[in-house]
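**Q** As a plain string of letters, each chain reads:
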Amino acid sequence: MQASTDSSLDLDGEADEPATAGRARRDFLRRSMAAGGLLAATAAVRAAPAAAPAGNAAPAAADAPLDIPAWTRAPGAATGAQLYGQPSAFEKSVVRHLRPNDKQYISSSTRSPLQELDGIITPNGLFYERHHGGVPAIDPAQHRLAVHGLVDAPLLFTLDDLRRFPSESHIYFLECSGNPGYNVYGKTAAEANGLVSCAEWTGVPLRTVLAEAGVQAKAKWVIAEGADAAAMTRSIPLDKCLDDALLVYSQNGERLRPEQGYPLRLLLPGFEGNMSIKWLRRLHVTDAPVFSREETSKYTDLMPDGSARRFTFYMEAKSIITAPSGGQRLAQPGFHEIRGIAWSGRGKITRVEVSVDDGATWQEAALQAPVLSRAITRFRFPWKWQGEPTVIQSRATDETGYVQPTLEALVAVRGVNGTYHNNAITPWRVAANGEVTNARIKAS
Amino acid sequence: MRASKHPESRRARRCALALAALPLVLAATAAAQTAPPHGRYGIGTPLTEARLAPWNIDVAPDGRSLPAGQGTVAAGRSLYAAQCAACHGAQGEGGQGDRLAGGAGTLASAKPVRTVGSYWPYATTLYDYIRRAMPLYAPQSLTSDQVYSATAYILHLNGLLPEDATLDAQALRAIRMPNRDGFVDDPRPDVTAATGQPARQ
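If you read the sequences in order, they're chains Z and E. Under the numbering used here, think of the first position of the first sequence as 1, with each following residue one higher. Under the numbering used here, think of the first position of the second sequence as 445, with each following residue one higher.
Honestly, the hints are just simulated from the structure, not real lab data. One should not assume that every hint holds.
Just the calculated beta-carbon pair ranges, DEER-fashion [to be verified]:
hint	chain 1	residue 1	chain 2	residue 2	range
1	Z	Q82	E	R484	41 to 49 Å
2	Z	Y84	E	P633	38 to 46 Å
3	E	A526	Z	Y84	24 to 32 Å
4	Z	Y185	E	V628	26 to 34 Å
5	Z	A288	E	P633	20 to 28 Å
6	E	V628	Z	K103	43 to 51 Å
7	Z	D139	E	S553	25 to 33 Å
8	Z	R163	E	S585	27 to 35 Å
No experiment lies behind these values; they were computed from the predicted model shown. C-beta: ideal position from N, C-alpha, C; glycine also.
With these hints in hand, go ahead and build the complete structure from the sequences.
**A** Written out as structure tokens, the structure reads:
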């Protein structure tokens, strides 16, 4: 199985590696020789050719000559063995997290394995899911989008029609408003905050399609509806539809996956995920919201006084440390780069601070370019862990000046029955043995 | 399956006819290009209300788009027992599906119970949702009268309709839900970060 990892790499890329590494070693050796002493000796040892025969030897002594592994001694899998590429068999455990005890899995969710991911783009197969009526298998040739209501010309579009419009690509995050609810005891970054992902979306601006139908002056809202078994329905302010809303047919360069709305979805940058209606079949331009079940009974935020907030669209600034994070272990004291992600529905991330002393002090992390509006931004912070037990955490600031709050600050205002829009700081406890756990779970 | 074959073969026949009439079609297209019926790009097909009707199912609180028809609490009771109770409980107490009844006066408590009766602001939403998404394994299978009946029975379970009630568009529009004024618009940002404070207590 392992030998199947891409023989093409041997031909195209990997073959260069030894030469490059060799050059690097020689350069290093020259510099070391110039510097003289111990460094040169070490380099010489590293550069020594592997003279011993390789094979399936037992773990060798630390100074034993390097093995030449089996995958170097025979060709790998033939080109084209996988015409749609799959991750290495060694990455089998990198999958979405499915909660084991949901009442049913028609209306349910999976979480993105944030602790396993690098960069700002979530691979399509690991993008979080939230479905309200299962994942439909839609034939794109039969799918239609209806645009009607307060428009001059009600129109029906095929996918081919929609692809004829000028096409734009943008990188935006998408986050479920129930990420993570007020159950803040997720053991891993996925469990704690994995209902967020980020992708490059390609499609046609919604305003282009609305203009094609001619929006009338009385219009104020657009009711978007899916073709799934939930016929998922949300009312969207017209302003948002005319701003940055996209009708999306592709994600990260390929057609949408079924679980992301194939063949057509809405994408409302910065708004709570459920509004970006998947499997989009209808846009009803109106003068008032429909007050659908999903914007009254669900996705409203109950406050301690019994009132409930409605139309809570924006996802506020949030960040989470993904490495080291819950379920991981620091193998030894010394240098560890703290890494994580930050995002805000209200624009760009301007700052991420990290605390490595249980919140006593905060220091600025480096933001990894690109820093895009309403996209995931990576942050990095160099940390020298001395082996002491501590709590590490991050907090984000966005371009509106808003600072990610603590859970305590959030709960003081909103209580714990609001279900949605918990963007609080996630603290991770690092034990003396290097084990990392959710700091909100009482140590046993 | 056999029923669905007929439209297909009709479509095939239409295609053949269309091919035969190709010169006419081309002429029509040329005409369309000189005078686009809509928009800047001339993309999309005009859509009539009659064609849209099966999809045009959203019901706003004004109830304007409610269909004709009616249902009764009594008819709703047997429909509910057959198609809803397995998930939502015999008396709407919930199960695999959401709890539908009760919970009055709990919203400001530590353990709020959100049901149709205690939480939902508009009765029209109940009609809209049942019609579009219920029952879970056969959505959009109920007739208008059945949806009125199921709506009536769930409202009855919440004490909002009497045992002998009949529900139609006008009656549904007129129902005022107990939590009608319980919702406020989004006041965020509402939480200020306690800068420099420990994240844990």
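**Q** Mind listing which of the numbered hints don't hold for this structure, in increasing order?
**A** Hints 3, 6, 7 are the ones this structure does not satisfy, whereas the remaining hints hold.
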